[in-house]
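**Q** Chain residues, written in single-letter form:
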Amino acid sequence: MILSKGARRAFAAITGVILLLMYIPLMLVVVNSFNTSQAFEWPPPGFTGEWWSRAIHNDGAREALWTSVQVGIVATVVAALLGTLLALALSRYQFFGRTGVNLLVVLPIALPGIITGIALNNAFRGILDLRLSILTVTIAHSTFCIVTVFNNVAARLRQVGGNLEEASADLGAGVWTTFRLVTFPQLRTALVAGMLLSFALSFDEIVVTTFTAGAGQDTLPLWIFNNMFRPNQAPIVNVVAVVMILISIIPIWLAQRLSDDVTAAAP
Amino acid sequence: MMSIVNETREAPTAPSAPSPSPARRLSSVLDRKPKLRLGMLLSLPLLWLGLVYVVAILAVLLTAFWSVDNMTGELHRSFTFDNVHAVLTEQLYRSVTLRTLGIAIAVTAIDVVIALPIAFYMGKIAAPRTRRWLVIAVLTPLWASYLVKAFAWLSLLSGKGLLSQVLGWTPGYGVTAVILTQAYIWLPFVILPIYTGFERVPNSLLEASADLGGKTGRTLRSVVLPMMVPAIVAGSLFSFSLTLGDYITVRLVGGTKQMLGTLIYTDVGAANNLPLAAAVAIIPIVIMGIYLVVAKRTGALDRL
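If you read the sequences in order, they're chains E and Z. Counting with the working numbering, you get residues 1 to 267 for the letters of the first sequence. Counting with the working numbering, you get residues 1 to 304 for the letters of the second sequence.
Among the clues, some could well be false.
In silico BS3-like cross-links for lysine-lysine, where the CA-CA straight-line distance does not exceed 30 Å [unchecked claim]:
no., chain 1, residue 1, chain 2, residue 2
1, Z, Lys296, Z, Lys124
2, E, Lys5, Z, Lys296
3, Z, Lys33, Z, Lys124
4, Z, Lys124, E, Lys5
Quick caveat, the hints were computed from the structure, so don't treat them as lab data.
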């Protein structure tokens, strides 16, 4: 198949238009955070930095940001531990039920969030008799974050193979020494990439969070959702939305630089 | 390099220790027993996923067969088919299921149609350096917050928003708005697997087709498309499943329209009827189950 120059240009043009359409809504949120109109009129009647300074001094938004950061960090650490253990088990061993375990890791993110949400809500309140709190959100987030760490670490383990580990064992190193000196250095960057993605995933999540967060302990997405329809809060919500875009995109860009297979970054 | 330096530092301790430390004994036991090693790797994650997740999912599905006392709001743990029966027979559930399915199909169709040309350009035309940049350009909006993207469309579609000012038209809030917003949100999820699919189509096949006289259209239809089916199905899995379970977008831009997600949400929250919510939740699980079985036949699951 030989594409004519015209056809190539046509495909390039279509690609450009699609990318433009993908970015316009995000740009709009950024522009609106400076829009003097509270109803997001277009074109903006004027520009102002007032919403930004109001958002910075908004206690609710600041508390929500702090809650989100705490949940994200703890969930990421738990997911890093569990995801790495699973990746080591599934990439270095053949055993009965391996496919089942693989499915189990993917399930929390493959099933619609609302089902995971009501299931965990019921388990925490009905079975464990726990009050919904920052602890229950963190447990929920850890559960669906495992898969991002797992994907990244497992992809790296597949890529580097097990030869160096076998050589290390042949030379007399014990399992722990081999892990510390051979396996871990090889998977370190993939693990960090997975953790960055896991933090971004936790930071953005709203559906499962709605069902597992305690009253008065909003994460940042929950705060946005609860304040979106309050007319006097709407412009501040827009500023927080821009902050959310930035906080979720920066870890992704960092993760990109650490992981060679860029598409493996997708959940 | 690193390992050599570290090995020499380790070496003196090993032979000189007369009675090995417990840690070292454990290490040597682990060396000889791969099954024990595997067990230790798996026990913690499986305990977590089993206790937190599997138990929770099974419990909520079981709840679908319980009932709630209308007066006290307490759960009755005796077996009943009432909820499932209600979900299967009542008009409300049937029409909401059909609407949700229709939206999911429309979103998937739009996304596949948009994803094919851009993925083709990324995978088969663009130079490797451009390709890397394009992948990042597609991935960035994928990771931008889902809620923020829905929120962007809330203002985009509003009466005085960008769309009505530029095009002079806006669909307003309703089913069309939900389809547009969802198609926007899930588009990057559909582009990536299709792009990977195009990348895997060997150029030699395209050249062979050209050498044998196949025109571009014929080559795309008879050579590329059949090879692309698994990748397209893999991409559609995302948009389809994510739309089926959505309830945020429909609450933001759906006006008064309900989807399965909003029904589940109100059954749990306002109505405090978890059994009914669980029964409704079975619908998307069954639909996705069927979709996955069909997808597995095309080999799409290996492409995720």
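**Q** Next step is simple, just say for each hint if it's right about the structure.
**A** Each hint tested on the structure:
no.: 1; hint: Z:Lys296 to Z:Lys124; in the structure: 26 Å, holds
no.: 2; hint: E:Lys5 to Z:Lys296; in the structure: 38 Å, violated
no.: 3; hint: Z:Lys33 to Z:Lys124; in the structure: 48 Å, violated
no.: 4; hint: Z:Lys124 to E:Lys5; in the structure: 14 Å, holds
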